[in-house]
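The residues making up each chain are set out below.
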Amino acid sequence: MSSHQQSSKPSLAVKPGQTGIDPRGPRFGAGITAVLLLIVIALTLLTPTGTTTLARASEPGFVLFAVITVLFGWGAIAGIQRHPYGAIFRALVRPRLSLPTELEDPIPPTFSQGVGFVITVAGFTLHLLGVPYGLLITASAAFVAAFLNSVFGYCLGCQIYLVLVRTGILGHSAATGY
Amino acid sequence: MTAISAVLIVVSLVVVSTTIGLLFRARQGRVTHRGVETIVKAQDVPGVERFAAGATLVQFSTKVCAPCRATHTVLEAAASEYANVSHVDIDLTQRPDIAKRFRVMQTPTTLILDSKGRVRARIGGAPRPASVRAEIDRILAT
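Protein chains in written order, with the numbering used here: chain F, 54 to 231; chain D, 342 to 483.
If you are wondering where the hints come from, they were derived from the structure by calculation, not from laboratory data. Values in this document were obtained by computation on a predicted structure and should not be read as measured data. Ideal Cβ placement from N, Cα and C applies to all residues, glycine included. Some hints could be false.
List of simulated lysine to any residue pairs, SDA-like, C-alpha gap at most 25 Å [said to hold, decoys possible]:
id	chain 1	residue 1	chain 2	residue 2
1	D	441	F	220
2	D	441	D	411
3	D	441	D	369
4	D	382	D	480
5	D	441	D	421
6	D	457	D	475
7	D	382	D	368
8	D	441	F	186
9	D	441	D	350
10	D	457	D	357
11	D	441	D	373
12	D	441	F	132
13	D	441	F	209
14	D	382	F	213
15	D	457	D	389
16	D	441	D	478
17	D	457	D	351
18	D	441	F	212
19	D	441	F	141
20	D	441	D	482
21	D	382	D	417
22	D	382	D	438
23	D	457	D	482
24	D	441	F	219
25	D	441	D	343
26	D	457	D	387
27	D	457	D	418
28	D	457	D	349
29	D	441	F	111
30	D	441	F	216
What the simulated footprint calls covered on chain F by chain D, stretch by stretch (three residues with Cβ under 8 Å from a Cβ of chain D suffice, anywhere in the stretch; the number is not a length) [unchecked claim]:
id	region
31	92-99
32	111-117
33	123-133
34	173-180
35	192-198
36	213-221
Some, not all, of what chain F presents toward chain D, calculated at C-beta under 10 Å [claimed, not checked]:
id	residue
37	76
38	79
39	87
40	89
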């Protein structure tokens, strides 16, 4: 992650010459994620949990969850602008909408993708290890975050980031490495 | 598990999330007047030498906070409507000590200070432009 946001000025607005993104793009993507997570939850509830790692890895709910995990990882590492849902948004949704009233910095939604990735990787691992309800609980948590983001514009990543800054895990001592 | 139980669980999850979302929305931008006696020193606020003669809007943000950008625009616009109101946006990433001192539990959080640095209002979440103006007008009228 680059540190091009670092500046002596405290201003956090999108700077001139910096490319902003349409804020409706990430919320559209969060909507798709929320629907897919609901399908994961329903499939997991309906499928008996496998007794072997291989059986658990081939459950339909888990396979879909693994895809969601990879997509979160993609968004977190490649950046929200290169997320496949962003491409769908630009091709199919954006042309039908009016112009955005403002552009948004891509850093916050990219950080949120990282938060989603951490939650889903946890669920992925717990399920493969055979921890009961591991997949259901993490999928439900990820659903709540994605749903609130998509429908209400709630930013869970912002809260988590602030807690990390307050506890000193992130912040001035590690300003370039969040 | 039966299909009906699965559907019920999924529906409850959506209902609970919607309730949380509605509560969140109702709380966004709420103005509180608790702690109005607190006096902030200008030198404790980065980027401020002395407070504006009318009011100072002190915004706390982080760089990963999307609503903070919109709030920056709203507060900047509100401040520009008044000759004696200024706006400062503080990145807590650089100053975790400030997050603790002002007990910032969410971003954005906005303090509205009068010319003496007294905290006259605190707004949690994205502020509504009308309530920011109302608070400024109230300070200017006293």
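How the hints compare with the structure:
A C-alpha spacing of about 9 Å is found between residue 441 of chain D and residue 220 of chain F, which places the hinted pair at or below 25 Å, so the restraint holds. About 24 Å separates the Cα atoms of residue 441 of chain D and residue 411 of chain D, which keeps this hinted pair within 25 Å; it holds. Distance restraint check for residue 441 of chain D and residue 369 of chain D: the Cα-Cα separation of roughly 21 Å lies within the 25 Å cut-off, and the hinted pair is therefore satisfied. Annotation: proposed proximity of residue 382 of chain D to residue 480 of chain D holds, straight-line Cα distance about 18 Å (limit 25 Å).
Of the pairs offered as hints, the one joining residue 441 of chain D and residue 421 of chain D is violated, with about 29 Å between alpha carbons and a cut-off of 25 Å exceeded. A distance of roughly 19 Å separates the Cα atoms of residue 457 of chain D and residue 475 of chain D; the hinted pair therefore holds under the 25 Å criterion. Restraint check: the Cα-Cα separation between residue 382 of chain D and residue 368 of chain D comes to about 28 Å, which exceeds 25 Å; the hinted pair is violated. About 36 Å separates the Cα atoms of residue 441 of chain D and residue 186 of chain F, which puts this hinted pair outside 25 Å; it is violated.
The hinted pair formed by residue 441 of chain D and residue 350 of chain D fails the criterion: a straight-line CA distance of about 39 Å is larger than 25 Å. For the hint linking residue 457 of chain D to residue 357 of chain D, the alpha-carbon distance of about 44 Å lies beyond 25 Å, and the restraint is violated. Between residue 441 of chain D and residue 373 of chain D, the direct Cα distance comes to roughly 19 Å. Compliance with the 25 Å bound is thereby established for this hinted pair. About 31 Å separates the Cα atoms of residue 441 of chain D and residue 132 of chain F, which puts this hinted pair outside 25 Å; it is violated.
Distance hint between residue 441 of chain D and residue 209 of chain F is fulfilled; the C-alpha atoms sit about 20 Å from each other, no more than 25 Å. The straight-line distance between the Cα atoms of residue 382 of chain D and residue 213 of chain F is roughly 29 Å, outside the 25 Å bound, and the hint therefore fails. Taking the CA atoms of residue 457 of chain D and residue 389 of chain D, the gap is about 13 Å. The hint holds against a cut of 25 Å. Between residue 441 of chain D and residue 478 of chain D the CA atoms are separated by roughly 29 Å; this puts the pair beyond 25 Å, and the hint is violated.
Only pairs whose Cα atoms come within 25 Å are accepted, and residue 457 of chain D paired with residue 351 of chain D is rejected, the gap being roughly 53 Å. For a cut-off of 25 Å, the pair hint linking residue 441 of chain D to residue 212 of chain F stands: about 14 Å separates their Cα positions. Among the hinted pairs, residue 441 of chain D with residue 141 of chain F is inconsistent with the structure: their alpha-carbon atoms are about 41 Å apart, more than 25 Å. Taking the CA atoms of residue 441 of chain D and residue 482 of chain D, the gap is about 31 Å. The hint is violated against a cut of 25 Å.
Annotation: proposed proximity of residue 382 of chain D to residue 417 of chain D holds, straight-line Cα distance about 22 Å (limit 25 Å). With a CA separation close to 15 Å, the supplied pair residue 382 of chain D and residue 438 of chain D stays within the 25 Å bound. Our distance criterion of 25 Å between C-alpha atoms is met by residue 457 of chain D and residue 482 of chain D, whose separation comes to about 15 Å. A distance of roughly 7 Å separates the Cα atoms of residue 441 of chain D and residue 219 of chain F; the hinted pair therefore holds under the 25 Å criterion.
Under the criterion of a C-alpha separation no larger than 25 Å, the hint pairing residue 441 of chain D with residue 343 of chain D is inconsistent with the structure, at around 49 Å. With a CA separation close to 16 Å, the supplied pair residue 457 of chain D and residue 387 of chain D stays within the 25 Å bound. Taking the CA atoms of residue 457 of chain D and residue 418 of chain D, the gap is about 23 Å. The hint holds against a cut of 25 Å. Annotation: proposed proximity of residue 457 of chain D to residue 349 of chain D is violated, straight-line Cα distance about 57 Å (limit 25 Å).
Proposed proximity of residue 441 of chain D and residue 111 of chain F is contradicted: the alpha carbons are some 47 Å apart, above 25 Å. With a C-alpha separation of about 10 Å, the suggested pairing of residue 441 of chain D with residue 216 of chain F holds against the 25 Å cut-off. Note: the region 92-99 of chain F has 4 residues with beta-carbon separation from chain D under 8 Å; the three-residue rule is met and the coverage holds. Counting residues of the region 111-117 of chain F whose C-beta lies closer than 8 Å to any C-beta of chain D gives 0; at least three are required, and the coverage claim is violated.
A count of 0 residues in the region 123-133 of chain F with a Cβ less than 8 Å from any Cβ of chain D is obtained; the coverage claim is therefore unmet, three being the minimum. Under the rule that three or more residues need a Cβ within less than 8 Å of chain D, the assignment of the region 173-180 of chain F is violated, with 0 such residues. Restraint check on the region 192-198 of chain F versus chain D: 3 residues with Cβ-Cβ distances below 8 Å, three needed, restraint holds. Only when three residues or more bring their CB closer than 8 Å to a CB of chain D does the claim for the region 213-221 of chain F stand; here the count is 5, and the claim holds.
Taken as an interface hint, residue 76 of chain F checks out: its beta carbon lies about 7 Å from the nearest beta carbon of chain D, inside 10 Å. Here the hint on residue 79 of chain F is kept, as its CB sits about 8 Å from the closest CB of chain D, short of 10 Å. For residue 87 of chain F, the suggested interface contact is upheld, since its CB lies about 9 Å from the closest CB of chain D, less than 10 Å. The closest approach between the C-beta of residue 89 of chain F and any C-beta of chain D is roughly 13 Å, which is over the 10 Å cut-off, so the hint fails.
Checked against the numbered hints given earlier, this structure breaks hints 5, 7, 8, 9, 10, 12, 14, 16, 17, 19, 20, 25, 28, 29, 32, 33, 34, 40; the rest are met.
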